[in-house]
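If you read the sequences in order, they're chains R and B. The first sequence runs 33 to 298 under full-length UniProt numbering. The second sequence runs 1 to 208 under full-length UniProt numbering.
Hints listed in this document are in silico derivations from the structure and should not be mistaken for laboratory results. Don't take every hint at face value.
With a Cα cut of at most 30 Å, we get these calculated DSS-like pairs of lysine-lysine [as the list claims (entries may be wrong)]: (1) R:Lys-295 x R:Lys-194; (2) R:Lys-272 x B:Lys-162; (3) R:Lys-272 x R:Lys-231; (4) B:Lys-66 x R:Lys-295; (5) R:Lys-86 x R:Lys-272; (6) R:Lys-272 x B:Lys-180; (7) R:Lys-228 x R:Lys-295; (8) R:Lys-228 x B:Lys-180; (9) R:Lys-231 x R:Lys-146; (10) R:Lys-272 x R:Lys-146; (11) R:Lys-295 x R:Lys-272; (12) R:Lys-146 x R:Lys-228; (13) B:Lys-180 x R:Lys-79; (14) R:Lys-228 x R:Lys-272; (15) B:Lys-124 x B:Lys-66; (16) B:Lys-66 x B:Lys-162; (17) R:Lys-86 x R:Lys-105; (18) B:Lys-180 x B:Lys-124; (19) R:Lys-86 x R:Lys-231; (20) R:Lys-295 x B:Lys-124; (21) R:Lys-231 x B:Lys-162.
Reference excerpt, derived from the structure (chain R facing chain B, CB under 10 Å, subset only) [stated by the list, open to error]: (22) Ser-57; (23) Tyr-62; (24) Gly-67; (25) Pro-126; (26) Phe-130; (27) Phe-214; (28) Asn-238; (29) Arg-240; (30) Tyr-242; (31) Arg-273; (32) Thr-276.
C-beta: ideal position from N, C-alpha, C; glycine also.
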Amino acid sequence: LGLGLTAQPLLAASLEPNSYEDITSYNNFYEFGTGKDDPARYAGSLKTSPWTVKIDGMVDRPGDYSFDQIMSKMTVEERIYRFRCVEAWSMVVPWNGFELADLLDMAGVQSGAKYVGFETAVRPDEMPGVRARVLDWPYREGLRLDEARHPLTIMATGIYGKPIPNQNGAPLRLVVPWKYGFKSIKSIVRITLTDKEPKTSWNMANAREYGFYSNVNPEVSHPRWSQATERRIGGGLFAKRQDTLMFNGYDEVAPLYKGMDLKTYF
Amino acid sequence: MTARTAPRHPTLSDQINQVLRRVPTWPVYLIAALPPVWLLYSGLTGGLGADPIKALEREMGELGLKLLIASLLVTPLRRFAGINLLRFRRALGLIAFFYIALHLLVWLVLDVQIPSQIIVDIIKRPYVTVGMAGFVLLVPLALTSNNWSIRKLGRRWQNLHKLVYPAILLGAVHFVMLVKGWQVEPLVYLGLCILLVGLRYLPRRRAG
C-alpha cells in the first residue's frame, strides 16, 4: 500500500521537519501544566520504564502488555508527518513508530468492535498538572476502528531516531496526522476495544468546541478562532500564515468519511 | 526642622511615603520601555522559544493586565496600608495602555496578519470582541491622562476614569476565555480584578 508520504511533490517543500529543539520544547501535555514549556520542564519526573499497556474490551487476547513485549513484535519505521494543532499552529515531525493496526492485531480485535478508546497515565506524584482539574483525568481519546486501522495511524515511540522524550508522550503515543493534535494521545496506558463511541477528554470538557472526529478541516471554524489558516512553528517572528489543508493534506483518508457531513461530525 | 505638633514615632508607612516622595516619576516611563524592547530582541534572536509570536503577544497582554492591576492597587494601598503611590498611578495606567496597545499590534500584524480575518475575528470571536471592548474603553483614559484634561474635565474626569473598572474586568475575562479549558492562572487574575474593583464599592466607614 502506497502511503504517498513523499510522493506528493507539491507538499514536499512543506515537509521539511522542524528542529528537534522546536518539537521537544513546544508541547501541549496538560498533565504537566498548561504552558507550552511546562511539559519540557516537568515531564522528566514521569517514570516510563517499566511501562505496561492494558489492552482490554473486545479483544481475543486481553492483558497487560509490557512496552518491551510490544516492541519485540513491532516493526518501527520513520514517518514524516505534518502535525496540526487545534490552536492553529503546525509543525512537521519525523516520528519513529509502528502502525496501530499491528498492535491491534497482536491483541486480536473481535468482530463486534467498532471503536478504540485510549487513556493516558494519571500519576499525581509524577504529573504536577493533574492536581488542577483543567480536564477530567485520565486524558481520554478515541478513534473509530477503521480510522485506527488506517495505515497512516501510528503509535510513535521515537522522534529523529531517538526514543520519544517524555514531553512528547513517552514511551508510546498515538499519531493520527489528519486530525487535530489533541487526538494524538500521549503516554498511553490503556487501549480498549468497544462497540460504543468512547468518551474523549476535550469533547467532555467542551462538546461545542471539540468533536469526536476533529479532522483537520479549514472550512469548519473552531467557535473561538478560524481554522482556515495556520502558523507554521519555526518560522520566527515574521512567519507568514499558511492555508490549512483538508485532512491536513492527507486526502487518502477521505473515503473513511464518505457520505458523512463533516460540518455535523466535526 | 522643628516639630510643630507633639512628636510621634514615624510609622513604617510614613517612612515608605517619605522615601517615595523623593523618587521622581519619569524613570518609571524609561524602565517601562525596556521589557518590549527586550522581548522583541529575544524574539528575533530565538530567546522566546519555538513560537515567538505567541510568546510576545501573551507576554505583552499579561504585562498590561499586571500593570492595570497595579494601578488599581494604589487606592486600596493608601486606604488600608497608608502607603501613598498616587504620584505613580498615571505612569502605571499609561504604561499598561502602551503594553496592551502593543499586545493588540502583535496580534494584528504578526499573528492574524490577514485583514479580512481580523475583522471577522473581532465580530465573531467573543474573546476577541471582549478584549477589543476593553481596549476601546482604555483609549479615552489614556488620552485624558494629563494635567490639562484633569483641569478641563473637573469632576467628570473622575467619572470618566471609572471606565478602568469595566476595562480591567473585560481584560481578565478575555484571558479566561482565550485559553483552552479552565486554567488556573487566568482565573487568579480574574479573581484579583473582581476583588480590586469590588473594594471600590465597600461602604466607607467613619470613625466614631
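Restraint outcome when Arg-240 of chain R is required to lie within 10 Å of chain B by C-beta distance: 12 Å, violated
Lys-86 of chain R and Lys-105 of chain R: Cα distance at most 30 Å? 16 Å, holds
Would the pair Lys-180 of chain B and Lys-79 of chain R pass a check requiring their Cα atoms to be no farther apart than 30 Å? Holds: Lys-180 of chain B and Lys-79 of chain R sit about 27 Å apart, inside 30 Å.
Holds or violated: Lys-86 of chain R to Lys-272 of chain R, with C-alpha atoms at most 30 Å apart: 43 Å, violated
Restraint satisfaction for Tyr-62 of chain R [CB to CB of chain B, less than 10 Å]: 7 Å, holds
If you draw a straight line from the CA of Lys-180 of chain B to the CA of Lys-124 of chain B, is it 30 Å or shorter? Holds: Lys-180 of chain B and Lys-124 of chain B sit about 18 Å apart, inside 30 Å.
Under the criterion that the straight-line Cα-Cα distance not exceed 30 Å, is the pair Lys-66 of chain B, Lys-295 of chain R satisfied? 40 Å, violated
Chain B contact restraint for Phe-130 of chain R - C-beta distance below 10 Å: 27 Å, violated
Against the 30 Å threshold, does the CA-CA distance of Lys-228 of chain R and Lys-295 of chain R hold or violate the hint? Distance ~21 Å between Lys-228 of chain R and Lys-295 of chain R Cα, so the pair holds.
Are the Cα positions of Lys-272 of chain R and Lys-162 of chain B separated by 30 Å at most? 40 Å, violated
Interface hint outcome for Asn-238 of chain R [beta carbon to chain B under 10 Å]: 8 Å, holds
Given hint Lys-231 of chain R paired with Lys-272 of chain R - CA-CA distance at most 30 Å: Violated, at about 36 Å.
The structure is inconsistent with the numbered hints 1, 2, 3, 4, 5, 10, 14, 21, 25, 26, 29, 32, although it conforms to all the rest.
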